[in-house]
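**Student:** If you follow the hints, you should be able to join the two separate chains into one complex; please do so.
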Amino acid sequence: QKEVEQNSGPLSVPEGAIASLNCTYSDRGSQSFFWYRQYSGKSPELIMSIYSNGDKEDGRFTAQLNKASQYVSLLIRDSQPSDSATYLCAVRSGGGGADGLTFGKGTHLIIQP
Amino acid sequence: DAGITQSPRHKVTETGTPVTLRCHQTENHRYMYWYRQDPGHGLRLIHYSYGVKDTDKGEVSDGYSVSRSKTEDFLLTLESATSSQTSVYFCAISERGGFTEAFFGQGTRLTVV
Numbered sequence: 001q002k003e004v005e006q007n008s009g010p011l012s013v014p015e016g017a018i019a020s021l022n023c024t025y026s027d028r029g030s031q032s033f034f035w036y037r038q039y040s041g042k043s044p045e046l047i048m049s050i051y052s053n054g055d056k057e058d059g060r061f062t063a064q065l066n067k068a069s070q071y072v073s074l075l076i077r078d079s080q081p082s083d084s085a086t087y088l089c090a091v092r093s094g095g096g097g098a099d100g101l102t103f104g105k106g107t108h109l110i111i112q113p
Numbered sequence: 001d002a003g004i005t006q007s008p009r010h011k012v013t014e015t016g017t018p019v020t021l022r023c024h025q026t027e028n029h030r031y032m033y034w035y036r037q038d039p040g041h042g043l044r045l046i047h048y049s050y051g052v053k054d055t056d057k058g059e060v061s062d063g064y065s066v067s068r069s070k071t072e073d074f075l076l077t078l079e080s081a082t083s084s085q086t087s088v089y090f091c092a093i094s095e096r097g098g099f100t101e102a103f104f105g106q107g108t109r110l111t112v113v
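So the protein sequences, as listed, match chains A and B. Per our numbering, residue 1 is the first one in the first sequence, and the count goes up by one each step. Per our numbering, residue 1 is the first one in the second sequence, and the count goes up by one each step.
Pulled out of the complex, with its shape left as it was, chain B reads as follows (with noise of 0.2 Å):
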């Protein structure tokens, strides 16, 4: 397995509380990538990074902040928890983004009640 952890794996939160996702990676890899997965909809990016420092927004990233200050970590933020943040979510890596596969976390489920 690719050497991918993601914390917590499960989190109940209130509406309007803070919320940081951590994932940790250990494959030295440049490309990293926030998704959420939901019934019905699949799995849809939130953000990416390509690099320390370095990211974007992807398809549903409105209520979601990211910051990747060093290589191995990619931390995910919902400023103020909604119900409808609801979701799995999964962190990714890619070696050299653009032609090589992606690799995937164990999943954060996350409850917003």
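Pulled out of the complex, with its shape left as it was, chain A reads as follows (with noise of 0.2 Å):
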């Protein structure tokens, strides 16, 4: 069973702040890592994916990925009120990965005006 935790918060963080958002994931073949936001009500818009060990910035984010720890965070930078969403982190595991996406349940950000 591949399974893919997150804290479901609310994370609530400071306008101008660094938000930290954390995952961790069960299978140790994963080699695909992505990290969603959901607006509520909306579809799952894609932030992020990492694909090997270290990190990677674009913009305000930056996705990181231990997988020796197994573990994947996001860092956003300069927090803003529309940053206030919740955050899926998803998985793909190795041989292929037709068979789609694991995700955890998301954290819900606040970000505090």
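Just so you know, the hints here were simulated from the structure itself, not pulled from any lab data. It is possible that some hints are incorrect.
To give an idea of the chain A side of the interface with chain B (calculated C-beta under 8 Å), a few residues [claimed, not checked]:
(1) P10
(2) S43
(3) L46
(4) I47
(5) F103
All C-beta atoms, glycine included, are put in the ideal place defined by N, C-alpha and C.
**Tutor:** The following block contains the structure:
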């Protein structure tokens, strides 16, 4: 059973601060990792993908991957009220991965103005 | 936005009736997925397709069937709807499955009364 765990929150962060979102996964063979943002009543929107150990930066977002610890994180710098949403961690296992992504239940992030 | 259209966007149906949801893509992506999203469970994979007429079961496939007769269309059928199938259904597409991102449609809110 592949599992992806996230703290459900809510995680409350002041505007302008760094928001740190964490995710652990159970399948050591996982090869691809994704962060999605989902506003209430909307569909998931891809923010970041990461495939190798280390950091990957895109604008205000940084994804961090540590396969040895089976840990993925997302940092949001200079947090804005528009960043308030649920953030979903998704993992794709090895072996081609045609069978889709396994999602965590999401972390609800609130940016306080 | 990825060219994914789900129809209908909202539907209310009675227990025991058949229901078909449609996902249409204009991206010519090989892989298509159906997920359901429920409070407390997150996104869970129902069925997926890795090509025309090539489909397989996901985590929560009981009570659902799918068909893909053309690259652009992936249909999800509830043969006899039950109240436990009240959910938000998302279609997703992926270009190369294993190591590429998945993009989501707008979702279909289905209520079974």
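**Student:** Would you pick out the hints that fail for this structure and give their numbers low to high?
**Tutor:** When the structure is compared with the hints, numbers 1, 4 turn out to be violated.
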